[in-house]
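*Asks:* Starting from the known structure of chain A, arrange chain B on it as the hints suggest.
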Amino acid sequence: MLVLAAALARGTVSGELQQAEAPLALVGAHLFPVAGPEIENGLLVVQDGVIAHVGPLDSTPIPAGAVVRDVSGLVILPGLVDTHTHIGQVEGGDSSAPLQPEVRALDSIDVLEPGVQRAQAGGITTVNVMPGSGHLCSGQTVYLKLRDGRTVEELAIRTADGRIAGGLKMANGTNSRRDPPFPGTRAKSAALVRERFVAAQEYARKMADPDPEKHPPRDLGLEVLVEALEGKRIVHHHTHRHDDILTVLRLREEFGLRVVLHHVSDGWKVVDEIAKAGVPCSLIVVDSPGGKLEARDLRWETGRTLSEAGVSVAFHTDDGITDSRLFLRSAALAVRAGLPRDRALEALTLAGARMLDLDQRVGSLEAGKDADFVVLDGDPFSVYTHVLETWVEGRKVFDRTDPRDRLWAVGGQGAGSPYVPPCCGEEEEDR
Amino acid sequence: MIRPALLAALFLTVAQSSAQDIAVRGRIVHTMAGPRIEDGVVLVQGGKIAAVGRASEVSIPDGVRVLEAAVVTPGLVDAHSSVGLAGWLNYAQDRDELERSAAVQPELRAIDAYNPREPLIEWVRGFGVTTIHTGHAPGAVISGQTLIAKTRGDTVDQAVIVPCAMVAATLGAGAVHQKGDGEGQPGTRAKAAALLRAELVRARTWIEKRDKALAKSEPVERDLRAEIMADVLEQRVPLLVTAQRAQDISTALRLQEEFGFRLVLDGAAEGPLVLDQLRAAHVPVIVHPPMFRAVGETENLSFETPGLLRKAGIPLALQSGYESYVPRTRVLLFEAAEAAAYGLAFEEALGLVTIDAARLLGIDARVGSLENGKDGDIALYDADPFEYTSHCVGVVIEGRVVSDTPR
Chain A
1 MLVLAAALAR
11 GTVSGELQQA
21 EAPLALVGAH
31 LFPVAGPEIE
41 NGLLVVQDGV
51 IAHVGPLDST
61 PIPAGAVVRD
71 VSGLVILPGL
81 VDTHTHIGQV
91 EGGDSSAPLQ
101 PEVRALDSID
111 VLEPGVQRAQ
121 AGGITTVNVM
131 PGSGHLCSGQ
141 TVYLKLRDGR
151 TVEELAIRTA
161 DGRIAGGLKM
171 ANGTNSRRDP
181 PFPGTRAKSA
191 ALVRERFVAA
201 QEYARKMADP
211 DPEKHPPRDL
221 GLEVLVEALE
231 GKRIVHHHTH
241 RHDDILTVLR
251 LREEFGLRVV
261 LHHVSDGWKV
271 VDEIAKAGVP
281 CSLIVVDSPG
291 GKLEARDLRW
301 ETGRTLSEAG
311 VSVAFHTDDG
321 ITDSRLFLRS
331 AALAVRAGLP
341 RDRALEALTL
351 AGARMLDLDQ
361 RVGSLEAGKD
371 ADFVVLDGDP
381 FSVYTHVLET
391 WVEGRKVFDR
401 TDPRDRLWAV
411 GGQGAGSPYV
421 PPCCGEEEED
431 R
Chain B
1 MIRPALLAAL
11 FLTVAQSSAQ
21 DIAVRGRIVH
31 TMAGPRIEDG
41 VVLVQGGKIA
51 AVGRASEVSI
61 PDGVRVLEAA
71 VVTPGLVDAH
81 SSVGLAGWLN
91 YAQDRDELER
101 SAAVQPELRA
111 IDAYNPREPL
121 IEWVRGFGVT
131 TIHTGHAPGA
141 VISGQTLIAK
151 TRGDTVDQAV
161 IVPCAMVAAT
171 LGAGAVHQKG
181 DGEGQPGTRA
191 KAAALLRAEL
201 VRARTWIEKR
211 DKALAKSEPV
221 ERDLRAEIMA
231 DVLEQRVPLL
241 VTAQRAQDIS
251 TALRLQEEFG
261 FRLVLDGAAE
271 GPLVLDQLRA
281 AHVPVIVHPP
291 MFRAVGETEN
301 LSFETPGLLR
311 KAGIPLALQS
321 GYESYVPRTR
331 VLLFEAAEAA
341 AYGLAFEEAL
351 GLVTIDAARL
361 LGIDARVGSL
371 ENGKDGDIAL
381 YDADPFEYTS
391 HCVGVVIEGR
401 VVSDTPR
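Protein chains in written order, with the numbering used here: chain A, 1 to 431; chain B, 1 to 407.
Just chain A, same shape as in the assembly (with noise of 0.2 Å):
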């Protein structure tokens, strides 16, 4: 151990000196590109916020010029991409309307408190910021960068287009159920779906014709859902039982969305059909059973099943559920019950990535992505490695090495937020 903070302390590179477009060398690390495999004695380059090149050292010649630094011993993955968390306080919509997809993630977002800073502090580069699940439709989320920002535009993911990229929340099963206006039913709660939805091919229609004078008022609701109708926003789709999620595979299939099924933990007994749909999973993995009735038959082994049936699978923290310094865990506790370990990694990665449409930008060490990375001081899956740095688009984030992000990555006193984040509905009476 001593040895590695040596080596690393040899090497510090901060932020700014990237800034002065001298290509940063990384030598000698066990990368793991995720797109490819494993490289023992890894050579990474990063210039101007992208990854330059990722190969074996003894192959290619280190750029002249470049700030070299010696990182052997030390372990390289890819920046972790987390599907489903709720750092910065996120706020989704209330409780005046079951559905309330016009409500946006972004206008309740403090990238100030310290779940920001520990994400960092779990090697998290790329998150996706959902409102809650106490609601059929809870509202946009946000996707984020974890660079070192003030404002949550700063963080904000940008489409082609220069939008601020993000999905839906949607959620079924018993979260969702709660005193009117909230629906009593299962089969209430898609009725109120499918309402919505028709309602928004319907605004869809109207909006279509050439005539501005026929267009009907601008509804801000129904325009997002047209964005999921029309395939440019995925909907992310919490779900525990087995038939709910069977019901939004239903609902999928009616409308044609893009659908990421989140939590999944009766996936394992489902898989064909999640697996003809061809919808991916993002996976919750907690330390027991239950806690709540649709979360009793979560199983580790989901991950493996899942993946063996060739399902898409991720991971998520689902930030507070999960502490997102830990997210690494996660994927080991799912190789603990037979997940392979490069599945894992992809899982924490890549797929993640997909799962949020940036897998061209992020989710794997590759040239020509964003140079978001994590430094580890050992195996990916031990509970004795801890992440020493995480990089966003070539800058330093964290570092364990600096006492303020030390105190993010392991606690202690002035490290904490007196929040108590409200939880899943967790008020209401049947959970």
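Some hints could be false.
[Stated by the list, open to error] So the derived label-pair ranges between C-beta atoms look like this:
1. B:Asp-39 to A:Ala-22: 54 to 60 Å
2. A:Asp-402 to B:Arg-279: 27 to 33 Å
3. B:Val-201 to A:Asp-94: 43 to 49 Å
4. A:Asp-272 to B:Arg-400: 36 to 42 Å
[Said to hold, decoys possible] Among chain A residues calculated to face chain B with C-beta under 8 Å, some are:
5. Pro-289
6. Gly-320
7. Arg-336
8. Ser-382
I should point out that these hints are in silico values taken from the structure, not numbers from a laboratory.
Fair warning: this is a prediction, and the values are worked out from it, not measured in the lab.
Even for Gly, the Cβ is constructed at its ideal location relative to N, Cα and C.
*Replies:* Only chain B this time, still in chain A's reference frame:
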């Protein structure tokens, strides 16, 4: 870089001797009563440990079933949990860990609520836990009593080894009124402390009446609340005080000094801020699980709290703790693993969930280490027990295999 996978456990069934005779052979045996033994054997006869030593030194009688594993430890002792009262489904019918109708109810016995068939008990047992201190959860000024059980048995009587272990109290925000609480719940932390003091004063008054009655050979007036609190005041039963903030820890110590009960501190997220005070008070601490959520009054907790308190010489044990939502219970083995990853040596972390926990609970004559005469409670693993990707491959309680599904 990848830790070598050690021997997977191999179960060899031989002609049965007594139902509670078994031998466990491990490439590494952590007895927690001395240095680890390479290629060791633990022989259990009649449910008790009859011999521990190197395989070459312990002779296994003919017909005794032999289990083998890479790593062998004592069965784990969870110093504080709520499973058995807290049920996995977490709906009204299996949520028995916290009665919210009043702030002070020490008369609530854990034995009247413990469900030994609760699936979460089987779950934690699968990760090596053979003894649990469980009962009424934090969340009321006095929420009720706790018990100590083995993680086996179909009835509470078969499971329990200490029917009333402690009385559970809470100070700080955790004791303060929440939505759904009944009348008389405190609205501030000072009020919570005042209610706790009032209850102790009430018990003192009852003790005086009792002693007068006894002196005159008159019948003693029954008072369920006062009787159990008298057990606390007269140091027969410790008061387990959950306190996370530094000021609440100080309050617990202040009350202990005022009333002289046996205090066991629970949680202590900000314990590192009051180390000197803790050390001076010689109070044992059942520290929060490292992976407990850092929100609200535990906002400043640290993965390193177990390490910091242990290094300060404070009598310490680790717990799975109480969870009101998901996960419904944490797994003690995993919490010990994080303690090892954040500041403790392997044996130190293992001690917090075996012999140290047994000592703190006062049951170390019976469990917590692999020593002659102790219960044959043993956990088996296929590699380093703390590694995320290792498995607990077998669990033995009093010589009987209670779990053999790798988990």
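*Asks:* Does the hinted range 36 to 42 Å hold for A:Asp-272 and B:Arg-400 at CB?
*Replies:* holds, 40 Å
*Asks:* Would you say the C-beta atoms of B:Val-201 and A:Asp-94 sit inside 43 to 49 Å of each other?
*Replies:* holds, 46 Å
*Asks:* Verify the interface restraint on A:Gly-320: the C-beta must sit less than 8 Å from at least one C-beta of chain B.
*Replies:* Interface hint status for A:Gly-320: holds (6 Å vs cutoff 8 Å).
*Asks:* Using the C-beta atoms of A:Asp-402 and B:Arg-279, is the stated range 27 to 33 Å upheld?
*Replies:* At roughly 31 Å between Cβ atoms, B:Arg-279 and A:Asp-402 fall inside 27 to 33 Å, so the hint holds.
*Asks:* Should the hint that A:Arg-336 touches chain B count as held when the rule is a Cβ pair under 8 Å?
*Replies:* holds, 5 Å
*Asks:* Holds or violated: the hint that A:Pro-289 contacts chain B, with Cβ atoms closer than 8 Å.
*Replies:* Check passed: Cβ of A:Pro-289 comes within 6 Å of chain B, closer than 8 Å.
*Asks:* Does the beta carbon distance between B:Asp-39 and A:Ala-22 stay inside 54 to 60 Å, or does it fall outside?
*Replies:* holds, 56 Å
*Asks:* Would you check whether A:Ser-382 satisfies its interface hint, that is, whether its CB is within less than 8 Å of any CB in chain B?
*Replies:* A:Ser-382 check passes; min Cβ-Cβ to chain B is 6 Å, inside 8 Å.
Every hint, counting from the list given before, is met by this structure.
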